[in-house]
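Below are the chains, spelled out letter by letter.
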Amino acid sequence: MTTKKVKVATVSLAGCFGCHMSFLDLDERLVDLVEHVQFDRSPLTDIEHCSDDCDIGLIEGGVCNSENVHVLREFRKQCKILVAVGACAINGGLPAMRNHISLEDCLNEAYMDGIGVENPQIPSDVELPLLLDKVHPLHEVVKIDYFLPGCPPSADVFWAFLTDLLAGREPALPYELIHFD
Amino acid sequence: MTKTFVIDGKTIPFEDGQTIMQAASAAGVYITHLCHNPQFTPHGSCKLCTVNVNGRNCSACTFPASEGQNVTNISKELNEDREKITQMLFVEGNHFCPSCEKTGNCQLQAVAYHLNMTDNHFPHFFENREVDASHPDVMIDHNRCIFCTLCVRASEQVDGKNVFAISGRGIDKRLVVNSPSGLLKDSALDVSDCAAHICPTGAILIKRTGYSVPIGQRIYDHAHIDAVALASEGEAHDH
Ligand code: SF4
Ligand code: SF4
Ligand code: FES
Numbered sequence: 068m069t070t071k072k073v074k075v076a077t078v079s080l081a082g083c084f085g086c087h088m089s090f091l092d093l094d095e096r097l098v099d100l101v102e103h104v105q106f107d108r109s110p111l112t113d114i115e116h117c118s119d120d121c122d123i124g125l126i127e128g129g130v131c132n133s134e135n136v137h138v139l140r141e142f143r144k145q146c147k148i149l150v151a152v153g154a155c156a157i158n159g160g161l162p163a164m165r166n167h168i169s170l171e172d173c174l175n176e177a178y179m180d181g182i183g184v185e186n187p188q189i190p191s192d193v194e195l196p197l198l199l200d201k202v203h204p205l206h207e208v209v210k211i212d213y214f215l216p217g218c219p220p221s222a223d224v225f226w227a228f229l230t231d232l233l234a235g236r237e238p239a240l241p242y243e244l245i246h247f248d
Numbered sequence: 198m199t200k201t202f203v204i205d206g207k208t209i210p211f212e213d214g215q216t217i218m219q220a221a222s223a224a225g226v227y228i229t230h231l232c233h234n235p236q237f238t239p240h241g242s243c244k245l246c247t248v249n250v251n252g253r254n255c256s257a258c259t260f261p262a263s264e265g266q267n268v269t270n271i272s273k274e275l276n277e278d279r280e281k282i283t284q285m286l287f288v289e290g291n292h293f294c295p296s297c298e299k300t301g302n303c304q305l306q307a308v309a310y311h312l313n314m315t316d317n318h319f320p321h322f323f324e325n326r327e328v329d330a331s332h333p334d335v336m337i338d339h340n341r342c343i344f345c346t347l348c349v350r351a352s353e354q355v356d357g358k359n360v361f362a363i364s365g366r367g368i369d370k371r372l373v374v375n376s377p378s379g380l381l382k383d384s385a386l387d388v389s390d391c392a393a394h395i396c397p398t399g400a401i402l403i404k405r406t407g408y409s410v411p412i413g414q415r416i417y418d419h420a421h422i423d424a425v426a427l428a429s430e431g432e433a434h435d436h
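If you read the sequences in order, they're chains C and D. According to my numbering, the residues represented by the first sequence are 68 to 248, in order. According to my numbering, the residues represented by the second sequence are 198 to 436, in order.
Looking at chain C on its own, in the form it has when it is part of the complex (with noise of 0.2 Å):
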């Protein structure tokens, strides 16, 4: 009998793909992984849409804009636990330093008048998604079970964390794998 494969979804929102590339430092470790995970949607396999009974979510970067929170939502209805991973995930990081900048201010320092643009307009297309007026952690707008901080959370972060949720017991940080920074 074969135990079935825990699915774990995975996708970055307001983040740099800094903390995906922290877990791709689990390096040979991801051989053990796949023993007994299955990746379900993520930037790491092209699947567009999380299946409906997944275990566990991992969420880089925090919400930006709608479509950031319409995928939080989607995460947050077929995930099990959901775990923000990573600084801007945890407290909106680097992309919230904009939020005590007016949004109209950022858009003209970005498209209208910053040095080099060039035929300057704000982009404006049904296909782009509304930018939010603050950047938000991922806690104000669902709930969220459990916090990897980090910027990025170590591969040893995920490591700790995943096999102790794996092996059924509570997930539980060592003093070492707490950072902010």
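Simulated from the structure, these hints should not be mistaken for laboratory data. Glycine residues also receive a C-beta, built at the ideal position from the N, C-alpha and C atoms. Wrong hints could be hidden among the right ones.
Claimed, not checked - Cβ pair distances, simulated, as ranges:
| no. | chain 1 | residue 1 | chain 2 | residue 2 | range |
| --- | --- | --- | --- | --- | --- |
| 1 | C | 196 | D | 285 | 28 to 36 Å |
| 2 | D | 355 | C | 174 | 45 to 53 Å |
| 3 | D | 263 | C | 88 | 52 to 60 Å |
| 4 | C | 112 | D | 285 | 33 to 41 Å |
| 5 | C | 196 | D | 404 | 37 to 45 Å |
| 6 | C | 119 | D | 285 | 34 to 42 Å |
| 7 | C | 233 | D | 378 | 56 to 64 Å |
| 8 | C | 148 | D | 420 | 27 to 35 Å |
Got chain C; can you put chain D with the ligands on it based on the hints?
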């Protein structure tokens, strides 16, 4: 005979006039704190040092030790309260540790690590606070000030200058600088002042020193704040 009280089952000797915090640190017992610094008169504002004394919660940094007290310092409930307080400090300011020079050396962050805090729990204020980089050697990033008043006390009690004060109340509380323009450059602050070096967070920073010690080799990267605090307490007594 020495007078004693009990913290978490351990007998602590004390002298009259000592606070619970002073007696505990001298006896090698760490009580979480941020606004307390053994060099200065206690302020009792951050409430991280809240302990239970004979059934009542008190601030250990201001509460006098007395004979026969039964004090609880470590309990799930007290540590959860401390975590919530720390989370409130994080959401009230703007703490983006990856871009803060103080990271790894910051007591606010180290207390969070110590309490096993992995998230901020509350909605963030994302309030707009100023940075004052006007002084040639020292800068203030108000985004990271937790109003512990240590700079205020250091300037007053050690430097004899009164460069800093807290103005306003409650949510409108702000650190203000005593100068005609309100800017640090027009104040009496000198880079060698105690007040320039006392901040437990990254709110007051010395310019051009930020990364002299690389991230990963900083005070709290590997050591718990309780061990660091007790060791420095020991040093203070040896000298
Ligand atoms: S002051 Fe401390 S808690 Fe705040 S951003 Fe800097 S390192 Fe982080
Ligand atoms: S600037 Fe630093 S020392 Fe002064 S009140 Fe704020 S946190 Fe405390
Ligand atoms: S350390 Fe006692 S109230 Fe801050």
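> Is it true that residue 355/D and residue 174/C lie within 45 to 53 Å of each other by Cβ?
Replying inline: holds (48 Å)
> Quick one: are residue 196/C and residue 404/D within 37 to 45 Å, going by C-beta?
Replying inline: holds (40 Å)
> Does the Cβ pair residue 119/C, residue 285/D satisfy 34 to 42 Å?
Replying inline: Given range 34 to 42 Å: holds, Cβ gap about 37 Å.
> Is 28 to 36 Å right for how far apart the beta carbons of residue 196/C and residue 285/D are?
Replying inline: For residue 196/C and residue 285/D the Cβ distance comes to about 32 Å; the hint holds.
> In this structure, is the beta-carbon distance linking residue 112/C and residue 285/D contained in 33 to 41 Å?
Replying inline: holds (40 Å)
> Regarding residue 263/D and residue 88/C, is the given constraint of 52 to 60 Å on their beta-carbon distance met?
Replying inline: 57 Å Cβ-Cβ, so the 52 to 60 Å window holds.
>> Can you tell me whether the CB distance of residue 233/C to residue 378/D sits inside 56 to 64 Å?
In response: Roughly 59 Å apart at Cβ, these two residues keep to the hinted range, so it holds.
> Is 27 to 35 Å a correct range for the gap between the Cβ atoms of residue 148/C and residue 420/D?
Replying inline: holds (32 Å)
Of the hints listed earlier, there is not a single one the structure fails to meet.
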